[in-house]
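Reconstruct the complex from the two isolated chains, following the hints.
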Amino acid sequence: MKNETTNNELLLSVQDLEVDYSSGGSTVCAVNGVSFDLHQGESLGLVGETGAGKTTIAKSIMQILPDHATKRVAGEIFFKNQDLMQMKEKELQNIRGSQISMVFQDPMTALNPVMTVGEQIAEGIRHHQHLDKAHAKQAAIKMLETVGISRDRIDEYPHQFSGGMKQRVVIAIALACNPELLIADEPTTALDVTIQAQVLDLIKELRRQKGTSLILITHDLGVVADTCDKVAVVYAGEIVEIGSLEEVFDHPSHPYTKGLFGAIPDMYKDVARLSPIDGLPPNPTELPEGCYFADRCPHATEECRARHCQLEHITGTHYVRCLKTEQEG
Amino acid sequence: MALLEVEHLKKYFPTSRGVVHAVDDVSFSIEKGKTMGLVGESGCGKSTLGRTVIHLLDSTDGVIRFEGEDVTHPDKPTMHKLREQMQIIFQDPYSSLNPRLTIQETIMEPLQLSKRFDKTQLPKEAERLMDLAGIEKRFRNAYPHELDGGRRQRVGIARALALMPKFIVCDEPVSALDVSIQAQILNLLMDLQEEYGLTYIFVTHDLSVVRHISTDICVMYLGQMVETCPTKELFAHPLHPYTKALLSAILTVDIHHKNERILLKGEINSPINPKPGCRFAQRCPYATEECHQPIPLQEVTPGHFVACCHVKDINNL
Ligand SMILES: Nc1ncnc2c1ncn2[C@@H]1O[C@H](COP(=O)(O)OP(=O)(O)OP(=O)(O)O)[C@@H](O)[C@H]1O
Ligand SMILES: Nc1ncnc2c1ncn2[C@@H]1O[C@H](COP(=O)(O)OP(=O)(O)OP(=O)(O)O)[C@@H](O)[C@H]1O
Ligand SMILES: [Mg+2]
Ligand SMILES: [Mg+2]
Numbered sequence: 006m007k008n009e010t011t012n013n014e015l016l017l018s019v020q021d022l023e024v025d026y027s028s029g030g031s032t033v034c035a036v037n038g039v040s041f042d043l044h045q046g047e048s049l050g051l052v053g054e055t056g057a058g059k060t061t062i063a064k065s066i067m068q069i070l071p072d073h074a075t076k077r078v079a080g081e082i083f084f085k086n087q088d089l090m091q092m093k094e095k096e097l098q099n100i101r102g103s104q105i106s107m108v109f110q111d112p113m114t115a116l117n118p119v120m121t122v123g124e125q126i127a128e129g130i131r132h133h134q135h136l137d138k139a140h141a142k143q144a145a146i147k148m149l150e151t152v153g154i155s156r157d158r159i160d161e162y163p164h165q166f167s168g169g170m171k172q173r174v175v176i177a178i179a180l181a182c183n184p185e186l187l188i189a190d191e192p193t194t195a196l197d198v199t200i201q202a203q204v205l206d207l208i209k210e211l212r213r214q215k216g217t218s219l220i221l222i223t224h225d226l227g228v229v230a231d232t233c234d235k236v237a238v239v240y241a242g243e244i245v246e247i248g249s250l251e252e253v254f255d256h257p258s259h260p261y262t263k264g265l266f267g268a269i270p271d272m273y274k275d276v277a278r279l280s281p282i283d284g285l286p287p288n289p290t291e292l293p294e295g296c297y298f299a300d301r302c303p304h305a306t307e308e309c310r311a312r313h314c315q316l317e318h319i320t321g322t323h324y325v326r327c328l329k330t331e332q333e334g
Numbered sequence: 088m089a090l091l092e093v094e095h096l097k098k099y100f101p102t103s104r105g106v107v108h109a110v111d112d113v114s115f116s117i118e119k120g121k122t123m124g125l126v127g128e129s130g131c132g133k134s135t136l137g138r139t140v141i142h143l144l145d146s147t148d149g150v151i152r153f154e155g156e157d158v159t160h161p162d163k164p165t166m167h168k169l170r171e172q173m174q175i176i177f178q179d180p181y182s183s184l185n186p187r188l189t190i191q192e193t194i195m196e197p198l199q200l201s202k203r204f205d206k207t208q209l210p211k212e213a214e215r216l217m218d219l220a221g222i223e224k225r226f227r228n229a230y231p232h233e234l235d236g237g238r239r240q241r242v243g244i245a246r247a248l249a250l251m252p253k254f255i256v257c258d259e260p261v262s263a264l265d266v267s268i269q270a271q272i273l274n275l276l277m278d279l280q281e282e283y284g285l286t287y288i289f290v291t292h293d294l295s296v297v298r299h300i301s302t303d304i305c306v307m308y309l310g311q312m313v314e315t316c317p318t319k320e321l322f323a324h325p326l327h328p329y330t331k332a333l334l335s336a337i338l339t340v341d342i343h344h345k346n347e348r349i350l351l352k353g354e355i356n357s358p359i360n361p362k363p364g365c366r367f368a369q370r371c372p373y374a375t376e377e378c379h380q381p382i383p384l385q386e387v388t389p390g391h392f393v394a395c396c397h398v399k400d401i402n403n404l
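Chains X and B supply the protein sequences, listed in that same order.
One rule links them: number in the working numbering = place in the first sequence (from 1) + 5.
One rule links them: number in the working numbering = place in the second sequence (from 1) + 87.
Keep in mind that a hint or two might mislead.
[Claimed, not checked] Covered, in the sense of this in silico footprint (three residues per stretch, anywhere, with C-beta under 8 Å from a C-beta of chain X), are these stretches of chain B:
{"#": "1", "region": "296-303"}
{"#": "2", "region": "336-344"}
{"#": "3", "region": "374-386"}
Derived by calculation from the structure, the hints in this document are not laboratory data.
Using N, Cα and C, we set each Cβ at its ideal position, and we do this for glycine too.
Next comes chain B alone, as it looks inside the complex (with noise of 0.2 Å):
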């Protein structure tokens, strides 16, 4: 069963130049124990999407359903089962945690506002979690500026753990982990997985993290989503223009051999009032007149849906 599903979900921004469309008519399902890698242009929207799926923020318009039932304007109850439900895991440990508030203190906020302990159960409970993402326990009592960047992301970990989620949004968990730390939290989060049965959508712009630890991979630009398959598939045998210049791109450690780069030109797009049509238009080597129609997702092979006109001749399908 799809433990989320969201169909055409839209997040508008005003600002003083016009609406900003960061999140433009986005439907995606994900099944219990799965992990939706979620890639892109930086600003394509991909972390205005995780916390509108997680009610951080508003939807425009749009459905959002949740095990099944229909979460888009929940009820203040069913509110409070989402917070506890649905956690995220956010991409700059500076600024998501609270400098006045210990490591602990930290970590035992969530578990207070619950209710769900008793408070002599609560500072155990917390050495529990900082245990499980691997936080020393000499940092107890620190603040959040005198951990590195690292045991901060530990920290925003543990806490999103803290009520033992069935969704949680990973927005950049590992962006400044170095790769051993990396390592060990990408393993922490599939042990968790299996163990717990837990789902994800992974935000990172690290292409083999998100090869690593995904099922599905769905790529966006410019607010919309202009392909998704499962993991394997999109590596082997990307179709969308996008998706093809964002693969060129991946550096690797191999100082001898060097991708051939596919370079992105034209105008950058701006996401403000948006004309119709293929946003990537304007940057993409094969676009033509055709292209300011509006394109929805088709599936080109089975389980694979992309979103261009021109898909099938530029692939030879």
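Just chain X, same shape as in the assembly (with noise of 0.2 Å):
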């Protein structure tokens, strides 16, 4: 689904996030310099490594960051203008649910396990659409068996599901809020790809009937392509690359993100071993002067290991945080 993204109004700024957490005496940097723009209507798939900071950049967003752990956050993240970050707890707590709502990555976290699945769902229902407890748990039923689950499991509890259902459960409690600006962390890694296929539909339908705004943190780059219209590919902390959807996918520009594409098992080929990028990811509570990435790029020079780039322009919406990319023109 394309959007004429561009003439529509800002809904959220991301500007210079930065969160570190205190982990056994040491600072991990886990979002370092994160910035970005989300229109209505919009979809932003969120892609990158293990522990690149996804997840806390929509923590961010939510205003959910661990207390205890989080040792610093600085950046402004305007929402409809307004700086979440400044905001009050009781002006967030109106905010959450009903104009943002998150699908969390780890279900089990979400869910109250001594409430059923149907009790959940119909809470927020009737909290956001001011039904009846008979109405809600007409419409909490109905929002089950949208995402698949018969309606004969509505009085289960969540240790009752399978791991898929679960998952479902959770985003049938944040699409039955409406927001206008929902955030999926991996929303459909646990289900089949039939019932992912339905559930991406719904988000789509979502954004068609309602102009929900969506980020879509995934590992899956084909979940990407089906459903975004924007790609930010994530590398310690940092924004690498960005761009809409064609620009990112048919021209990966950063040495990461080719990385990526080249790590993915093909459907159609035959090879013996898959292959992973080289080395691992800089350990973010010493990360390096240059590059984040130097010390497994190919093309690294000691200019790049000395030097840490911006985001560069290069063509379009096209933004790539490589000193070769920029070099080459």
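Have a look at this one:
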């Protein structure tokens, strides 16, 4: 689904976001200067390695970073021109769930183990759509069926559901609120591809009908190809490449992005071994001076290790953080 | 020789609305050193099957044989042996680790319990396992919540490998990982298989992964097996209507060519007290009255088993 997004209103603007955690005496630099804009109706895919800081970015937008572990947060996060970072908890509570809702990566932390799945979906519906108990339950049953779970499971508890069924309950809760911004953190990793397709269709439908904007965090580049119109590739807490789906998928430019595409098993080719990107990501407690990817990069030079480079414009809306790409022009 | 044979295995769960037939009369066998990929709709019973086979859950009915021996109802010593030889890597790296143990302690725990190692050897052995699974040493004293999803999954793998099992149920072990680390882990699992002759059941929703790692594939639908054959054959000639729908929904990174998806319509089936007959019939575009009769797996072409009474007409066989 393509959107003429440029004409739409700016919904979310993240500026120079930085987040540090403290962990066993040292400081983990989880997010290191992330900026991006999201317009109404747009959908942005956030991809990148495990531990790159994607969930931390999402939690920053929701303003739900863990108090005890978060050492420092800096930057601005404008939602409809209001800085969420400056907002009081009370105001945030009104925004969470009804205007911004999040599907968590780990469904169990989001579900209440002692409440039936039906009650949990109905609760959100009652709260946001002002329905009475009986109508909310009917709506909850409908929502459960929309995510492909039969109605006779409505009175069961989360532990009686499979991993993917729990994930679908969380999605049902998030979608029932009709949010303006949906942040979905790995929403379909536990789902088979037919149900995944149904869930992605549901999200597309919501976008089409309500103009909902979407931030989709995923490792699955196929899901991004299907659902997103913008892509940001995150590495070691930074955006290393951002652009439209076409720009990034047709012309992946950062060596890390290229490595990601190279590591996917090919559906139509047989290989004995897959090709992961060599080496390991940098230690987030001791980030290097220069490019964070230099140690794993086949093209890295001394200059790359000495200077940390900025996101540079290549074409259209395509930006890349790489000295080599920059120099090649 | 088959390392594992399962015959007419059933696992039912009672619930307030009736009995969930999570695994309902499933039979298969896996040769030593092979990988059986297990795919199917979310909630169709893959995890339950894996857990029942390795005795994390009691079976409701059926027979499980390991290395030729009937282990359906193991006595204590047999159970102890099975606990070491059959392992599982879980779907969910978050809840499968004890939050109060450090990474090193987590990996040492099975070593301690087995009493196979001297106390003084434990840290060294844990270090070797961390290395094997690609966990950096600096995480030795970290707690699970301090790790990202990928590293947590590696801890689960290190733990499963600790006692050098013969058989591992890999329940979506790479779903939480980025594609590069996924590639590393898949390579690692395949290397270990080659070196130690390990046998795997590999549960995943990623069909490109299952195609890469499995020798054979079983497709499940609502507690039952609907199609099984060697991997190459399945992707070349999917015969069951559900398998066809499944393969048609694969998303690829090619943004200019999209697969024609077979949409599944119709009522959602429930695994609670299911009616006899094909469980996919309600959503199947080819269903007729005949489909309400029970249908066993049949060998349709050599080595290719399908449970569908219309399989021949649908596929012009
Ligand atoms: N509560 C915490 N305390 C200390 N460190 C943390 C905490 N939560 C996350 N981290 C660290 O912050 C970094 C970013 O983690 P985050 O969960 O945001 O990554 P991610 O991109 O979502 O990874 P994944 O793809 O595995 O979910 C990692 O190095 C992680 O270990
Ligand atoms: N403890 C339980 N009590 C009741 N029902 C259960 C229990 N555990 C599993 N089930 C049910 O058994 C069925 C199979 O679940 P299982 O977890 O095996 O599915 P799965 O194929 O692994 O799904 P997924 O791909 O979503 O992980 C589901 O309908 C589930 O709700
Ligand atoms: Mg995450
Ligand atoms: Mg499962």
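Results for each hint:
no.: 1; hint: 296-303; result: holds (count 3)
no.: 2; hint: 336-344; result: holds (count 7)
no.: 3; hint: 374-386; result: violated (count 0)
Of the numbered hints stated above, the single one contradicted by the structure is hint 3.
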